[in-house]
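The listed protein sequences correspond, in order, to chains A and B. Each residue of the first sequence is one higher than the one before, counting from 1 in full-length UniProt numbering. Each residue of the second sequence is one higher than the one before, counting from 1 in full-length UniProt numbering.
These are computed hints drawn from the structure, not numbers from a lab. No residue lacks a Cβ here, since even glycine has one placed at the ideal position from N, Cα and C. It is possible that some hints are incorrect.
[Said to hold, decoys possible] Pair ranges (Cβ atoms, derived):
# : chain 1 : residue 1 : chain 2 : residue 2 : range
1 : B       : A1096     : A       : N155      : 16 to 22 Å
2 : A       : L11       : B       : S432      : 41 to 47 Å
3 : A       : G165      : B       : T247      : 54 to 60 Å
4 : B       : R1073     : A       : Y104      : 44 to 50 Å
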Amino acid sequence: MDKDNANPTILNVSELPTRLNKKKAAATGKVAELEVDIVLRRPEYLSAPFCDLPWASDDTDSDDGFTIEPIDEQEIYDLISTISDPEHPLSLGQLAVVNLPDIYITPSPSAAAAADPNTLTQVLVKITPTITHCSLATVIGLGIRVRLEQALPPNYRVDVMIKEGTHSQDDQVNKQLADKERVAAALENATLKGVLDKMLETCT
Amino acid sequence: MAAGPRFDELALKYVLADGDEKDLISEQAAQAIEESTNKRVTVGQWAASVHRWLQSSGEDDLISRAKALDFLASTLQILSRRDDTFNADQVKLLVTFFCSLFENDHKAGVTASTKALRHLIVTKHFQPTLGGEIIQSVCKLGDDFKLQAPTTRLEIYHLFRGLLEIFTEAYDLEYWQSNTNGFILDLIDLCRNERDPENLMMWFAILNAILQDFNPSVDITSEIFKTFSAYFPISLRSSATPSSVTTDNLKVALRSCFSAHHRIASLAIPFLIDKLDKVDQTVAVKVDILLTLDACLVKYDHPKQSVVPHADQIWGSLKYEVRNGEIQDIIKATLKVLCSLTKRLDGENLQSFLDNAWRDLKEDIADSKYTAQAGRLLVAIVGATPESFALLMPRALEHIKKTIKHNTSIIHKRHLIALMSSVVKLRLHLASDSDFNKHQSDDGILLSDDLFGDSLFHDLYSPFWEEHSVSSSPIEYIGVLREAMQGLGGLVGQVSSGKEPVKRLCSDSTCETIIGLLAKPVIICPLKGPKYFDSVEERVPQDLFDAGEEALRNAVPLYPPSFRYLLLQFLSSIKDTYGFQTQPHDLSLQIRNVSATLCTIIHSGMLEPDACWVNEAALINTLLQGLQWMLSERADPKFLIVFIDAIHATLKRALKQGSIWDTSPKLTKEQFHNLARIFETDDVPQVDLDRPGKIEALEVEETGSKRPRRAYCLFVVQQLYRRFTTVSNPVIFSGASFDELTAVALSGDLDGTSPDLMAKQDILLNQLGQLAASVFREFSEEEQRALDLDSEAFTLFHTQKHELPWSLSPANDFRTAPLSLGIIQGLWPGALRPEVHLAALNDLIAVLITIPMPCSEAARAAMDALLCVLSNKLDVKNNSVLIEQRIKTQQPLIMKIQALMGPHQVTGNTDLKLRIFRSVLHYLAGDVARPLTGSDQNLLLNLIIENGAMDIMTGRQLAQNLGLLVMSRECLSDINHPIRKKLALGWFYQRNVVPYLHRCFPSPGVDEREAVNRAVGIFSILRHLDYHIYASEVARVVRIGIRSFDTFKVGVETESLLAVLLHILEKDPSELRGHLAALILGLVTIYGMARNVADAARFDPNADGQTYRSKASRISARDRDPIATRMYTLEFFQKLTESGYENHLLLPHRRGLRRPLATACGDSVREIRRTALKARQAWEGLD
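From just these sequences and the hints, can you work out the full model?
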């Protein structure tokens, strides 16, 4: 099959948006090297379960590394950026089909409301096809939809749209992606299901 | 004569025999020949014995004929070991006979004849002249040679090889050298089509020998070259019968043919160049060609004839491999060839070669597309010999400098400055290379000394740096500066060459300027906080930081005074920034990072151990000075903590290095004190850290041990302890004053009463204690004893002036406890004197069971740990008095527990009661690790286990804490030298868990509360035990667990339960197989409750997101937000799918799990969401 866009622009994996704070990563790298981590850690006898005292150190992270964080745009991005493109051996993140600024969550994520299973939350992902006449935009949109529905809790509603002005037939594609019946029907199609499974294989 | 018929018989036997027997028969024949008196006749008979087989020449008798001939050959093999059996005539006769077989009997005779001849040619009377005859007859095989089995051919090659050796050893070598031409052609004709790898190895060796040892004519040489070059490039096809020869063996063998003799240079070099220039060569082939070419250039004699004529051709072709090359392997191999080539040239040849090369390089250096490649070529050529460096470097340097100055493209500049760095580093390497220096003339002209000193810095680097590091520089300049740093780092290390004593080429002021430039992004900017470039981010860009650090790491060993300079910068930057107080950045964090960087710079691995140690001490001294300064400024404790931590990290590192290098014998107390006196400056009061150590003294002092690291570390700890504590009288003790008591108290640096400040000070004390522990645990038992560390633990090094009691100081609400713990923690049990030990232990117990609590919370934690250490380390050594005293220490605890649990409770305060219980558990934990007293005697343990669960008020909380008895803890880990018995935990389990398993269910005599409490306690314990300990009771444990789903509180209790279940699932999933439905249902409920608890806590208006871990509440954080419980449930669900259960067992539960797992994907904690997603995918993936 001829590829729609045989020569797409590719982003380097290291340039993709990530949660890892480079500054912090660099600092801890050095610290680990020097075994300072052992030194800086609070003494064991002052930690749970030996003792339940607070430790007024500057380190704001909790001891066990678990912090309460809402599902934010970056997390959605991490879920879908690793999906493979149906025609290139690259991820949607690398091809800039999905971009962090094009992910919208309403109501916007905040620590308090995040985990409430009764708050209805809307996730909107706008995708940018690599070329304006990309015939696979619908499949990509479908893949993103399937991935998010499989990964998000039931109180999340997922919408996938083509970003304005990036596709010659964005109306049609948007209509297809928004039509529940057509989405359901598409998932019954064995060939399409195969393509989707292949795309989602690379998700971790 | 009897021997005649015997040979016939033997031959017949041999033909009919198999295997080992044959050797015996040929042995007999050989012996018969040996022993005969008339050798001539005997040999005749022996040879005639095979006559009957030779007569028949039909195809049918092939095998027996071959065997018969083999009889002769193997007899010869044995005889050839004693080489004078045959006289010259006999040898000749035999040779003629066997040679004739090559003509007559191509089928049966070849193998045996070859074998026979191989043995004949090594006999004493073999005439080299016969060799030619042999070769000629063998060559008569003609095309039939190819038809022989590979092994036969191998024999023939061995025969040839043997003959060649005989020729070279023969007295008339010259004759042979000039007369080989004839037979060589025959040989080549015969063997031309060899394909077998093993045979090829031999064939190449033969050709190699001919080229090296004989003198073939030009035509013949060219024939030989054609023969072996046809195999180039050689590879090995995969074969059904793999041989022991690898492709690499073949490559090396063939390569040695190419490089065998310079007489084939004119053929080999153009041939290889031609091959290289062909398009479509694979990487492996190209590398092979280049390696072969390199071997030729290195090995050929008479370079004037062999190498020089081809120099320009080689350059002309190879330069493109680098210039346009992309594959590193090829580029590296090419550069190696060019280096080898340059090494073979001298005088005018070298000059003209370099002129030619420079014409190309000059242009390429000026072209930004090729600068990097041209640089690599340049470095390869100038680095080859001192002459090439001297001839090319001055103009190259001039050209590079000029190009940098007149250039505007950033990329080009970057390549050029990187090239400069390579050149500087190259010279650094060459100047230290002793081989290289051998060739040096006196004046240091060869390494262009005058070009690599101050002038290079002032002409090139200094203006370059100024131009590119101004604040308006664009961000792209970072890359340029990074490259420049590499060169600057190398520049400080440039030393003179030549025979004069080595001296540094850069002046001290230049070196200091350079170090200053390098230190700016690494040390000064992080501390002072100015932006390195205005246009870019707040911090120094990471790239620049890394490059600066690396450059410093290289530069410091090259210019030792630089480290002091860095330390000065470090200290003054801190003082400046702290003075401003408008700290836009976190100064304490930056101090931490920079001191870590300084530590890294010391331990770059390039420093000599001694220099490293001096730098370590200098760094620690600087940190102490920083600490002192902060104290004098009355800075926030967080700054003090940072310095303590930095000192800790450096000391730890120093001790680790010390354990590698410092093999000095144990230090005695006197030695310690003598050494300590060296460090101390007389006029400085002891509590002053400002001028703490004359480390200069260490450099010259001849002390018992060369590098008294441990003594210095001890000295540092002492100084710090003395600085932060003081001896006070009277002591303020919980409001009451004790006039009589003299005790150690916190020094004035740590006064202040605000709880926030005190909490920070407590951290400082704890960190200081940990620092001491890191130092003292490295000491041997003898050293610890010599220093009386057991009593110093309580007097905190104030013994010299005062008589102090050996017990924890009650001053400041026992806040010095962490300092005592720091010392005691790392002591060997033998270093604790019983009199000190018992007194301290009893005293500590008395304090801990006092109501109301006389100590702060933080102090109590340290005291509990101390209690555990003391109870563990009391070494009774079968001494009955000690054993009794040890048991006696339990007495107050037992009485206290009985009082607290009795019907008339002393206090209604469960909180305090629980604290006392916990202290008891800490005490027992020390016991449990070494069950010396035995369970029967351990009344306290029995009391806790037996009665604890029945206590109405605190039974449940006590049960939750039972895990403290067995969990692994740092103060009992091996680094702290505890007393541990191997099977202690198994013993504990059998005595204190198994008997109570049946009481986890309500029954007559066991009420519901006791059953639940027991279950809570048991899971709290099991969680910390290895699976194999409770494996035999696991079925009961699982049943108790399932019952506990309904009775356990979500939080600590469920966490222990789930931890145990996960453990069982991992070790033996079959134990859970029958309970899957109950487990899944129970866990879904637990997860749901855990979510609710967490959500409720978060929506509590009194506790917003930040403070719900509030310390004020006594409900532990884990009960308020059971994160671990949620995590474990989801992990359990995920692992269920990976535990080898058949799908039909799991699938019925999928429906019920879908919704809970989907909901779990919305958990408030990201890590839990991730696990939930994994579990969800795993369950969806079941087919």
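Status of each hint after checking the structure:
1. At about 18 Å, the CB distance of A1096/B to N155/A agrees with the hint of 16 to 22 Å.
2. Checked against the given bound of 41 to 47 Å, the beta carbons of L11/A and S432/B, roughly 45 Å apart, stay inside it.
3. Between G165/A and T247/B, the C-beta spacing of about 58 Å keeps the proposed range 54 to 60 Å intact.
4. For R1073/B and Y104/A, the hinted distance range of 44 to 50 Å is satisfied, since their beta carbons lie about 47 Å from each other.
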